[in-house]
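Undergrad: Read off the chains here:
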Amino acid sequence: KNEVEQSPQNLTAQEGEFITINCSYSVGISALHWLQQHPGGGIVSLFMLSSGKKKHGRLIATINIQEKHSSLHITASHPRDSAVYICAPSTGNQFYFGTGTSLTVIP
Amino acid sequence: SQTIHQWPATLVQPVGSPLSLECTVEGTSNPNLYWYRQAAGRGLQLLFYSVGIGQISSEVPQNLSASRPQDRQFILSSKKLLLSDSGFYLCAWSVFRNLNTEAFFGQGTRLTVV
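Line order of the protein sequences matches chains B and V.
The first sequence: position 74 = 74 (my numbering), numbered continuously.
The second sequence: position 49 = 49 (my numbering), numbered continuously.
One chain only, chain B, in its complex shape (with noise of 0.2 Å):
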């Protein structure tokens, strides 16, 4: 059973696409985290949030506590935006992976 469930799996845009990746979860949390993850392997942390929305720059974080979804969109992306978005969510001790989208984004 998965505690935290992303699609799509793999996503391929065109440069300047509006893209959004979605995340659902089953547990109770205390705040989600949505990292990014490049071909070489090192993880950022994007975001991290317990409510409503966040933005930064062409990213821009949403979560429903109720629903247990959150969502991540991405702006007029781009070709550097290309990397895998792993949504975690998480409570005290404990974070819950997703298995990651692999995004492309096509110049």
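To be clear, the hints were calculated from the coordinates, so they are not data collected in a lab.
Where is the CB? At the ideal position from N, CA and C, for every residue including glycine.
Honestly, I wouldn't trust all of these hints.
Chain V is faced by these chain B residues, among others (derived, beta-carbon under 8 Å) [what the hints assert, rightly or not]:
1) Phe-18
2) Ile-43
3) Thr-99
With a cut-off of at most 20 Å between alpha-carbon atoms, the simulated EDC-like pairs for lysine to aspartate or glutamate come out as follows [to be verified]:
4) Lys-68/B with Glu-3/B
5) Lys-54/B with Glu-67/B
6) Lys-53/B with Glu-102/V
7) Lys-54/B with Asp-81/B
8) Lys-55/B with Glu-3/B
9) Lys-55/B with Glu-102/V
10) Lys-80/V with Glu-22/V
11) Lys-79/V with Glu-22/V
12) Lys-54/B with Glu-102/V
Start from chain B and add chain V according to the hints.
TA: This is chain V only, laid out in the frame that chain B set:
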């Protein structure tokens, strides 16, 4: 500033050889520390976490062990590597602050056992 150092970035080791991966954290005290493994094409799997010096919890039975000799140092070890130990190992730390858990991740170590 808060940073996390993990090394080496890549490692190729023969079957049966020992392993030691080190992770150190700066800019915080008494963090929760984690070791994760990511097998090819799969999500991150928690291997160990630690809430304090000498306190290690293991999530899955395996050929690996972890130690926390200092507050900001977390070490992943094996006495004899198996082929199945190949994968991407990631160190992370977290701290509960302002009613939220903030998390930071290392750059990872890609281990290939041959």
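Undergrad: It remains to establish, for every hint, whether it holds in the given structure.
TA: Here is what the structure says about each hint:
1. Interface restraint check: Phe-18/B against chain V, minimum CB-CB distance 26 Å, threshold 8 Å, status violated.
2. A distance limit of 8 Å between C-beta atoms decides the matter here; for Ile-43/B the minimum to chain V is near 4 Å, and the interface restraint holds.
3. Interface restraint check: Thr-99/B against chain V, minimum CB-CB distance 4 Å, threshold 8 Å, status holds.
4. Annotation: proposed proximity of Lys-68/B to Glu-3/B holds, straight-line Cα distance about 11 Å (limit 20 Å).
5. Among the hinted pairs, Lys-54/B with Glu-67/B is consistent with the structure: their alpha-carbon atoms are about 18 Å apart, no more than 20 Å.
6. Proposed proximity of Lys-53/B and Glu-102/V is supported: the alpha carbons are some 17 Å apart, at most 20 Å.
7. With a C-alpha separation of about 18 Å, the suggested pairing of Lys-54/B with Asp-81/B holds against the 20 Å cut-off.
8. A distance of roughly 26 Å separates the Cα atoms of Lys-55/B and Glu-3/B; the hinted pair therefore is violated under the 20 Å criterion.
9. For the given pair, Lys-55/B sits about 17 Å from Glu-102/V by alpha-carbon distance, which is consistent with the 20 Å threshold.
10. Using a Cα cut-off of 20 Å, the hinted pair Lys-80/V and Glu-22/V holds, with the two alpha carbons roughly 17 Å apart.
11. Only pairs whose Cα atoms come within 20 Å are accepted, and Lys-79/V paired with Glu-22/V is accepted, the gap being roughly 15 Å.
12. Proposed proximity of Lys-54/B and Glu-102/V is supported: the alpha carbons are some 15 Å apart, at most 20 Å.
Consistency note: the structure conflicts with the earlier hints numbered 1, 8.
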